[in-house]
Structures are given as structure tokens and as C-alpha cells.
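J.: Just so you know, the protein sequences line up as chains H and U, in that order. Just so you know, we're using our numbering here: the first sequence kicks off at 1 and counts up by one. Just so you know, we're using our numbering here: the second sequence kicks off at 1 and counts up by one.
The set of hints was computed from the structure by calculation and includes no laboratory data. Wrong hints could be hidden among the right ones.
Listed next, the in silico BS3-like pairs over lysine-lysine satisfying Cα-Cα at most 27 Å (straight line) [as the list claims (entries may be wrong)]:
(1) Lys114/U with Lys59/U
(2) Lys86/H with Lys35/U
(3) Lys160/H with Lys90/H
(4) Lys86/H with Lys40/U
The structure presented is a predicted model; accordingly, all values stated were derived computationally and were not measured.
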Amino acid sequence: MPELECAFPQVVNNLAPCLAQGGLNADLANFISILLGVVLVAALPLATLLILLVVERKVAARVQDRIGPNRVGPYGLLQSIPDALKMMTKEDITPAGADVFIYNLAPIIAFASVVLLWAVIPFTPLHIGADLSIGALYLIAVASIGTVKIMVAGWSSNNKYALLGAFRTIAQLLSYEVPLVLALLIPVMIAGTMSMQGLVEAQRGMWFFFMAPVAAIMFFIANQAETGRAPFDLLEAESEIIAGYNIEYSGFKWGMFMAGEFMHAFTASVIFAVIFLGGWIGPGADQLPILGFVYLGAKTVVVYIFGLVLRATVPRVRIDQLMSFNWKFLVPLAIINVLVTALLLQVVNWLGIAPQGDAASDLIANLPQTVVLLLGNLAVMGTVSTLVRNMGRQQRLADEAVEADTEVEELAHAAAH
Amino acid sequence: MAVLNEWAFIGVFFAIAWVFPFAPILLARLVAPRKPNPIKQSTYECGVETVGDTWVQFKVQYYIYGLIFLVFDVEMIFLFPWAVAYRELDFFAFAAGFLFIFLLADALIYAWRKDALEWV
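The following block holds chain U by itself, in its conformation from the complex (with noise of 0.2 Å):
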């Protein structure tokens, strides 16, 4: 009972977190002027009218970085449970930690030399 109580908690939390920014945002939208106009709503850059759209592909190096995060925070997480557990394992599951470092460490250093890291 307790635990779910925990669990319950944080349900109530996502629940109604939104209402926090939400109410002073609604509150604006009644209090606030609206008098809108085309000009006024028109892309913002400096003045100068924007040139063709803006939803197009991006640079592929973006994409690199989000690959080798992706590698490491999935790699990461399956290290917490070992860390937690650590004090009382034994050597050979120092050793498998170990090993599963070096495999992550493996995967930067190949990252690292195929010039990913290199912001260009």
C-alpha cells in the first residue's frame, strides 16, 4: 500500500502539473489585448521577409549526435541496477561491469575516430 501510494503521488503530480503554466497562460488570454494583423503575425526575422519554408531537412550532424546519445543513455541505464547492487556482488560481476564499460568507452572511441565528435 504504500509503495502505491508513492506511485500514486507522482500520477497525481503528471496529472495536474499542467495546470500550473496553463492558468496564468489563460488568465493572459482574458486580461491580455489581441488585436491581430497579418503584418504582426508574420514570420519574426528583423525585418527582412522570410525566404521559402522553414520545415526542410536538416543537418546530418545533428543526426550523428542524437544516434551516439541514444548508444549512451540506453547503455547508462542498464548500468544502474549494477551500480545499486554493486557493494554486494562479487568479483565476477565487477568483472561483467567492467566489460560492459569498456564496451561503451569502445563504441565513443570508434565514434571518436570515424571524426563523428567533429563539428563541422
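Just chain H, same shape as in the assembly (with noise of 0.2 Å):
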């Protein structure tokens, strides 16, 4: 076995190697690196949670010409820990008639089922928590544990806007999770491969982004909404349930519920800057992978604060809005953009345009591509939005000649007296 070299930056990409040229048992050895990972994968989140919490409050402050906390820390960017020791403090209620232990477990699940999904997220072409060849698939699979949190805790709250607030969530998330799903099989589709580090690999040339733009917005919709961000924000209408599912949490376990959504959205704005904006490809990522934290998570606070502006500035829609806009223009713009993506690949292939080898890396050699796959996409823009138009445009027509009908009724039944 060669010698290692075990100083402080190489030790960290081979710790269990390391350990077992110490003298440690290789399966223990092995067992710590994997157990020192996990921590450090999970930390990652926890430790920007801190700083998000004051990020969403400072921009939509902005947006609301306020200034937001600036009382603690500099900006008050300390905010968040006054915050978490107030809510610790905070008695902690368990209503009579709750069915206690599943009503525990609730916040438990919300919070770990986020911190879960970091697994697989690529932060370098060197650090990623697990690169399983399914991940896109793991990704999906763990963000549908959040429903179950939503109907765990409204069921065991024992109270009837919790469980309203619940049905609705879950109606919600249940079907943004088709257009989410429909809209990740496209990137996957370009890519041929399900693995997040392959994902990235594949954005070397051109990001995915503007090979499927459709897709692209389409997963940050449905992002929008499975985070419950406006204008998708029913999880917690104030004015119509109260809370929503969470009413009957107080304390920490309030805390969990909160901490969880916020991180979900942030984690979401990663997930949306790894599959579409090229995570962390970027000049000079391969020679010093640390940059490529830098890239990803500058992409990320593009997408995060986009989506930050975007919940201050919209209303919320209705929850038959919300319904229709889902069943009836994103799912079947969804099945129409994955048979329009498998035109174009069929396209592609037959033009002989699609890069090969080491060329696959290369821009120049990705434009045919992307130029067949960009105009294609744009068609279907132009027509969905065409048609909806004309759509919306009779619809209004059918509606005023209603109203004018019973102008006139009330006219001649008026003058009839």
C-alpha cells in the first residue's frame, strides 16, 4: 500500500484510508469518515439556517420600505440566536386531546426530512455526500416525506383547523409534486444519467437552463409551491385557518415546523442552481474544487432571493386557483414539454449535432444542441401562451355578455314597476 499523504487539507477526501494507516480497523475506520461526513454534510444547513432567517427578513423588509432587525450584530445578522433562545424558553403546550406521540414525532420528521435531502447534493466535484447513481430519484423520494409531517400533525392536533389546514396542504403538495417530477425528467432525459455529480457534469458545456427553459421554470413554480412560498402560501393563510396545520405547536416544536420550511426553500433554490444553473461549474472549479462552494452558492442566493422578492411582492391565490393553474396548465404542459424534449433529442440525434466524447465539455460544440433544444422550447412558450391568451380573452367575453344580460333583466324588470 503506497504511502498516503495524511496532512491537514488531503486528509480530509481520504480520512478512512488515513485512519487505517494509523493502526485503526479498516470497517471502523471506515464507519468514522462516513459518521464525520454525515455531520459535516447536515451541519451545512443548520449553520446557513442561522444566517436565512435574518436574510428573509431583511429583504422582505426591503421590499416593504422597512428596515428590518438591526439590533443585534452587525445588520443584525445575530438575530436568529436571541431568536432561538426566546422560542427555547417558550412553555411547551401539548393539547388534551392529542394523540401524543405521533404529535411529537410530527416536528421531528419536519425537520429531518430537509435535512436529509443535503445527501446528495453536489458542493464540489470533490465533496458530495453520497453520489448514489438514483439520486435525482432519492431527491424526489425524500422530499414527499414532508407530506407526511403535514398530515401527521394536523391528525394528531386534534383540532379542526389543523386538520383543514392539512387537507389542504397536502391536496397542495400532492399535486405540485407531478409537475416537480415531470419537470426533473427532462434535465435527466439531456443528461442520461440520474446522478447528481453526473447532473453537474453534463452542465460542463452549457447549463440546463437554456437547453430546457420550460422545465426550468416550471421546477421553480412547483418549488414555490411544495415549500408552501407565496404565491403558493395556503400551508399558513392566517386570515382563513388561523395557522394552518401547525396551530395547535407552540415552543420549539413550533420552531422545528418553521425552521424546516425555511431551510426547505433555501434548499430548494440548491437543488433548482444544481439541476439547471450548472452547480458548481465555474472558471478554475476543477484546479481548486473549494471555489466551487463559492459557485453554487452564488447561483444559489440568485434563485434564493428571487424567490424571496417574489413571495413579498405577489398575493396568495385561492385554493380552486391553485388547483386548476396545477391540473389544468402545469400538468399537461409538463407531459406536452417531455414529449417535445423526446421530439427534439430524436432531432438531435438524427441531425448528428450532439457533442461526443471530450467535445461534450466544450461550448462551442454544445450550441447546435442547444439551439435546437432552446427553439423548441420557446415554440412551446409561444403557443401555451397564445392559447391561454385566446382562452382568457373568451372567457372574459362570455362573462361580460352574462353581465350585461342581467344589466338589461334588471333594466326592464325596474321599469316594468
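Hey, can you piece these two chains together into the complex? The hints should help.
T.: Printed below as a string of C-alpha cells:
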């Protein structure tokens, strides 16, 4: 066995062999390195969460022409710490009628299900929790655990508002998972792999955002709904169902729901950046892997801030509008998009313009394929927007005709008296 | 061994992920005051006493959405292997995939025509 470099920077990447070299049992060394990796990967979202809460409030404040938190630490950056301390000292009230075991389980599921998503996110060419060959499928599977927490919380609270909120939320989350998964299918189709690292590698030449803008936008919208962000924030419609499924929770259990929600929104941005914006890809990321963190972070922040501004700007939709928008617009569009992309990839193959081998990481070699896919996507966008506009116009004319009719009737009625 | 390591990572992750939310909740239980009384623990419905049972039969609409979702989600999972291999497949696989997606779309159209997608 060759002597390994076990000084500081190298030891991070081959901890297990280094420990084994130091005389430790190979299995134990392996286990320790895995355990350390898990703690590191899980600590990352927890650390960002503290800053996220402040950023969220700052951005919302700016949009509403306020200052936002500015007392604790520079620019109020440490605001999360007193918040957490306050929550810690709040009395934890369990309602008398609750199903105690499940009631206590829900906040734990809520938080853990989001942390688990980070296992397959590639931060740099070298740093990834676990590069599963079915990474994309893992994302979908773990993200749907989030639905369970809401049902469990709403049902076990034994409160009618909580149950109503849970029903609504489940209907929303289930529905928006369909376009989410169908949008995720497109990058998998183009890259020909489900491994997250493979998906990033496939974007060396060109980001998937430019190859599949329809899928990217759909993925963003569906994620906005999955994480309960405006305009789809019916989960926490204060004015209608008080607070929804988590109404009976207090203290840190409630805090876990909130923390899980914030983290899910951020995680969704990370996933968007990885799948559509090239993840850690950027100049020099191969030579200096640590740069990958910077690139991924920058792309994520752009997506996240965009979501925040959207959240602070648009009003909430009604539940029937929400469901119609999904089932009558997003899902058919997603299905059409899969068909169109399949067709376009056949055209690319037939023309023989798909980049082969090393050329796949070259921008110029990727251009013809990108142009074909982009044109197809733009055609889909144009057709759909024209169709929707015409249908909306007809609907409006019909509504106006009915209104005019009733007005005439009323006038006739008044004249008769 | 490498593949097994990846899954070992996931396994360990699943085993200890619940510790992160559990630790602060446990800590809060030690720190926070606890003075329960019947009024405080009653169901919170804005001051009005709750009437009847909460765990009742619910609206069938939610069940229908659940069913439609199930059809879609299961079928979409079948599409993923097809998508992974798509660029290496020949025209027959392409046609088969199309047929499959058309069946999927057919289910949507059926549900739509049956007014299962209307929120009532």
C-alpha cells in the first residue's frame, strides 16, 4: 500500500485510508469517516439557517420599505440567536386531546426530512455526501416525506383548523409534485444519468437552464408551491385557517416546523442551482475544488433572493385557482414538454449534432444542440401563452355578455314596476 | 465497495438525521417552564369551545386528488429509467415512451372530463 499524504488538506478527502494507516481497524475507520461526513453535510444547512432567517426578514423588509432587524450584531445578522433562545424558554403546551406520540414525532420528521435532502447535493467536484446513481430519484423520494409530516401534525393535534389546514396542504403538495417530477425528467433525459454529480458534469458545456427553460421555470414554480412560498402559501393562511396544520404547536416544536420550512425553501434553491444552473461549474473549479462552494453559493443566492422578492410581492391565490393552475395548466404543459423534448432529442440525434466524448464539455460543440432545444422550448412557450391568452379572452367576453344580460333584465324589471 | 459506501452514508444519515431536531426539543423540555392546566390545554379555536369530534370522515374531493396523484406519480417513476437510457435508445423505444406518455395524458383528460379536477 502506497504511503498516503495525511497532512491537513488531503486528510479531508481520504480520511478512512489515513485512519487505517494509523493502525485503526479498516471497518471502524470507514465508519468514522462516514459519520464525520454525515455530521459535516448536515451541519451545513443548520449553519446557513441562522443567516437565512435574517436574510429573509431583511429582504421582505426592504420590499415593504422597512429596515428589518438591525439591533443584534452588525446589520442585525445575529438576530436568529436571541430568537432561538426565546423559543427555547417558551412553555411547550400539548393539547389535551392530542395523540401524543405522533404529535411529538411530526416536528422531528419536518426537520429531518429537509436535512436528508442534503445527502446527495454536490458542492464541488470532490465534496458530495453520497453520489448515488439514482440521486434525482432520491431527491423526489425524500422530498415527499415532507407531505407525511403535515398529515401527521394536522391529524394528531385534534383540532379542526389544524385538520382543515392539513387537508388543503396535502392536496397542494401532492398536486405540485407531479409537474415537479416531470420537470426533473427533462435534465435526466438530456444528461442520460440520475446521479447528481453526473447531472452537474453534463452541464460543463451549457447549463440546462438554456437547454430546457420550460422545465426550469416549471421546476421553480412547483418548488415554490412545494415549499409553501407565495403565491402558494395557503399552508399558513393566517386569515383563513389561523395557521394551518401547526396551530397547536408551541415552543421549539413549532420552531422546528418553521426552521424546516425555511430550510426547505433554501434547499429547493440549491437543488435548482445544481440541476439547472450548473451547480459548482465555473472557471477554475476543477483545479481548486473549494471554489465550487463559492459558485454554487452564488447561484443559489440568486435563485433564493428571486424567490424571496416574489414572496414579498405577489398576493396569495385561492385554493380552487391553485388546483386549477396545477392540474389544468402545469401538468398538461409538463407532459407536452416531455414529449417535445423527446422529439427534439431525436432530431438532435438524427442531425448528428450531439457533442461526443471530450467535446461535451465545450461551449461551441454544445451550441447546435442547445439552439435546437431552445427553439423548441420557445415554440412551446409561445404556443401555450397564445392559447391561454385566447381562452382567457373568450372567457372574459362570455362573462361580460352574461353581466350585460343581467343588467338589461334588471332594467326591464325596474321599468315594469 | 465504493457503491456500498455511498449507501452506508445514506444509512448513517437516516439513522442520525432525527437527532438534529430532537436535541433542541429535548433541551427546551429541560429549560422551558411547564405549568399545565385544563384551560391551557384545551383545543385552541379562538376562545370558542370545540364542538364534536375532530377525527371524522372528510370530504371525498381530497381522496380523488390523492387517487389522481397516485396514478401520475407511479407512472412517472417508470419514466425515469426510460429517460436515463433515452439518448442511446432506437426509434422503437422512443415510440414506446410516447405511447406510455399518451396513456398518462389520457388519464388526465378522463379525470378532467369527469370533473374530478373541479374544486367543490
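J.: Hints broken by the structure, by number, lowest first?
T.: none
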